[in-house]
Amino acid sequence: MSDLARPSVAAPPGPAIVAEPPALSVVVPVRNEAPNVGPLVAEISAALVGVAHEIIYVNDGSSDDTGAVLAALAASTPTLRVLTHAASCGQSAAIVSGVRAAAGAWIATLDGDGQNDPADIPALWRFAQAESRPDLPPLMVAGWRTTRRDNQVKRLSSRLANRIRARLLGDATPDTGCGLKLFPRALFLSLPAFDHMHRFLPALVLRQGGRVVSRPVNHRPRMRGQSNYGTLDRLAVGMVDILGVMWLQRRWKRPQLRP
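So the sequence shown is numbered by full-length UniProt numbering: it starts at 1 and just counts up by one.
What the hints contain is simulated information worked out from the structure, not anything from laboratory work.
Note that this is a predicted model, so its numbers are computed, not measured.
Just to be clear, a hint being listed does not mean it is correct.
Restraint-style ranges between C-beta atoms, simulated for each label pair [as the list claims (entries may be wrong)]: (1) Arg258 / Leu160: 38 to 48 Å; (2) Arg258 / Pro221: 45 to 55 Å; (3) Asn162 / Leu136: 37 to 47 Å; (4) Asp65 / Pro134: 23 to 33 Å; (5) Gly170 / Met223: 32 to 42 Å; (6) Arg251 / Ala68: 38 to 48 Å; (7) Met239 / Ala68: 19 to 29 Å; (8) Ala42 / Gln226: 30 to 40 Å.
For each residue, glycine too, the CB sits at the ideal point set by N, CA and C.
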């Protein structure tokens, strides 16, 4: 587990013009996803009609036309904001950049390859609002891809990783690798930031005293392009990261305050 690189982020000169302050900020990390940007932005916008929202794309040092496509879309999409890392810093760093820049009190994250379905966001959003109260610990709603649309190698490696992680970290989350999650911005910003942290958000939220609830979501085949955060990379660093999170869990005691 390594410290999170501090990316050099380029952003437009001002925030997007939105009709009202967003209640929900949708953060999408992308790297070399030019063919998927336009369709996914359109799907997110359609799914969130009636919800005050903003869409924050974080271009993680793409070498294809992702930046140009995003710039063109931002010019015609008032709810779209674009942040750009000068060099690729990884998916976790992209998510952190997006959450830090977000104006909404709640954050939804999803992968930029189109496999997460934006149509699931409203149901997760309604559930989060219904289950969140000031007298309860903060809540993360984690997507659960009950029917995977990946190749066999990816499905098997994910299943094995989930079992090992759940056994060692005790996060009781069936699909921590699902990119579709909802959580309060303040909760995320209270978590330790490190490379690959996005794979361990449920364990980190529980460590912080929060709640995690998994909800079934749709999972779609990748229609365009190829994965830019690969299976071999995840397997190579996975155990080191798990050991690092275990260390964090054991080094923190949540104080109990007397009434």
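- prompt: Which of the stated hints cannot be reconciled with the structure, identified by number in ascending sequence?
  reply: 3, 4, 7, 8
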